[in-house]
Structures are given as structure tokens and as C-alpha cells.
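J.: Below are the chains, spelled out letter by letter.
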Amino acid sequence: MIQANNISYRIGNKTILKDISVSFEPGKINLILGPNGAGKSTLVKIFCNQLKPQEGTVFFEEKNIRDTSIVELAKVRAVLSQNTELAFPLKVKEVVMMGRYPHFSVNPTAKDEQAVQEAMQFFDVEEMTDRDYLTLSGGEKQRVHFARVVSQIWYPSEKGCRYLVLDEPLTFLDVHYQFQFMHKLRELLKQQDLVIVGVVHDLNLAAKFADHLILLNNGRLLATGTKTEVLTKDNMKTAYRLEPVIHNDERGMYLFFE
Amino acid sequence: MIGEEEAQFLGVNIKSLKWKILLINVIMVAVATAFVGVISFVGLIVPHLLRIINGSDNRFLIRNSALLGGILLCVADLISRMVLRPAELPIGIVTSVVGVPIFILLLQRKNYFF
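Protein sequences, first through last, are from chains A and B. The first sequence lines up with residues 0 to 257 when you count with numbering that gives the first Met the number 0. The second sequence lines up with residues 0 to 113 when you count with numbering that gives the first Met the number 0.
Only chain A is shown next, with the shape it has when bound in the complex (with noise of 0.2 Å):
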């Protein structure tokens, strides 16, 4: 479980985040929503210990992640960035190996090349193994960051829960991945000990895989908890100044803007 406490962060005389505390579950798809500057990936880059925020302290399981060194955190948390450059001619499976990179020191175990091997056919690209990665497309190449990011934390930890940070993964995906996507997140976490938060844009695809949604509007914590509860008119007409349509029916619940 991740769990944040009265996180505060600025930048200068900018307060980008404002007393937000918040907690994400094991066995849930928690979603951070908001428009654009709301601070949604600050708050993402603060839960990996990217920044440091001025108040305020974030805990994995018990542990303050202050306390906690780069090494370990890797061996237990993975972290999907809004775009990853990668400018060198390597493999596929080279690339989807570098995920292993915190467990092993020289060369990869038995136990690594299987964990890549399973999440390549996990993602569906195990057929681009000895491709070079530059020749992929923008899809492809997405799909390929899943496949390294999850190889990452593929093996249960003796140490508690692992964590898997996406920030907005769907960008470059067409409507079939996107779907695909969220199933397969949906399949990762019939392990238990996984605790998936992500930073979306795409309200209705969060109001149809999210088990647990956070709005931000202004750096601070407008709603939290589930779809409906989320989802209002009132939350959405502050945070986007959009009057949505939403639409509640046995299929799901759908938004629309006029």
C-alpha cells in the first residue's frame, strides 16, 4: 500500500501540490485524474521518489520512501514515464531486459531471461524479440516499455508489495491497445500484491477500469474514491469547466461534453 501524508510541493512561489493525502491499495487500479497542470505527474514523480516534496511524507507499506534507497525501491517499483527516449539500434529483448537491471549485477540469471521472456508474450511481443527497436512503431514501442516495466517487478518480493507507476501509458495507443491494456492491468492484479497507480486523461476509460480515482484540480485533492462518487457533475464542471452529460446504464457509466 502506498500511503501519502499532507504532501506539499512548490516550485518558487508556484504551490503545485497542496496538502494532498491520499492512500492507493493493493489489488486495485488506482487512477489520478485532472486536467492539464493540476499536478497529476507531480504527484506521480513524488511517489517515486523523483522530487522531493517541501511537506509531507509518502510511505511504502511502513516505510518511508526517504528512508529507502534507489537500489531497493527498484527491485520492488517500476515506472512507466510519459515518453521514453531510446536513440541506440538495440534489440527488443534488450530493451525489455533492462527492466531487469536491478536484480542482476553482471550478467542475467536463468530467472531473469525467464521473466522477460514471460512478459514479452504477455504484451503480445514476443514476435519482435530480435527486432530493432527503432524500427518500431509508436505503438509498438509502448507496447515493448510495458513489457520492460512489468519484467521489472515480475517475481513476488519477499518484502511486501510491489508498485507499478504509470504515467499517462496510453498516449499512442489506438482504442484496441488502449482496452487491451487496461485487461491485461486487470490480469496482473489477480496477484495480490500489486499496487497499480496510473495517471490518465481519458475519463471514460477511467470510469470503466477504475477501481479507485483521485481528481486533482489546482494542485489540490478535489474528490477521491469510486466512479460514481468521483465522476459528478459538480467535480467535473469545476476541474474541466465542461458541463458533462453523464450517462449511467447496466453496460457503465459514460461522459459526455457539450
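Please note: incorrect hints may appear among the correct ones.
What the hints assert, rightly or not - Pairs of lysine-lysine, BS3-like flavour, derived with a Cα cap of 30 Å: (1) A/Lys51 <-> A/Lys27; (2) A/Lys62 <-> A/Lys44; (3) A/Lys207 <-> A/Lys27; (4) B/Lys14 <-> A/Lys74; (5) B/Lys17 <-> A/Lys90; (6) B/Lys17 <-> A/Lys236.
Read the hints as simulated data drawn from the structure, not as lab findings.
Start from chain A and add chain B according to the hints.
T.: Chain B alone, transformed into the frame defined by chain A:
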């Protein structure tokens, strides 16, 4: 290869790694310069030249830098022995005369990156 941020996510301590690399580099450059003087200037130009020719794939870069560096130094040595025959011109002068203009040219190229 994948960027500093990503490397950190993969458990690499960027700060200490940077210092280690810097330290090793400084020692290597200092020793080389102390022994042979400004000849080691070729080390500045050759890898940059090769990057322009064929990008920064290190598998290609390291091997060919050694090759081209050797060739360049041989040519410079030849010139330094021939220009003021029978006297010898210090080779450092030749490498600098050739190297400095190239280096300035490189610095002016704005869209040049690794």
C-alpha cells in the same frame, strides 16, 4: 541510453555514478596530457567527427575512434617531420593547428547532439 530518470527507476544512483565517471575521466586525461602534451587533443576531435559520420552507436564509435585517432596522429607526425626538414616541428603544434578549427566548427553546429 534510456535517460537519467529511467536509470534511476531501474536502481542506478545517478549522482554517485556521475562523480565516479568524472573522476576517472579527469585522471585519464591528466595522465595522458602529462606524458605526451597536447597530442591528446586528437581525443577531443576524433570521436566527435565520427559521431557526425555515423551517430553515437558506441559499438562503432569506440573501435573506430581508436583507428581514426591513430591515423590522424600518424599523418600529423609525418607533417611535423617534413615541414621544417631536417628539424622537427613539435607534433602538438600540428595537431592543434588541425584540431582547433575543426573543434570550433563543431561547437558552432547547433543541432549537434549525442
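J.: Hints broken by the structure, by number, lowest first?
T.: 6
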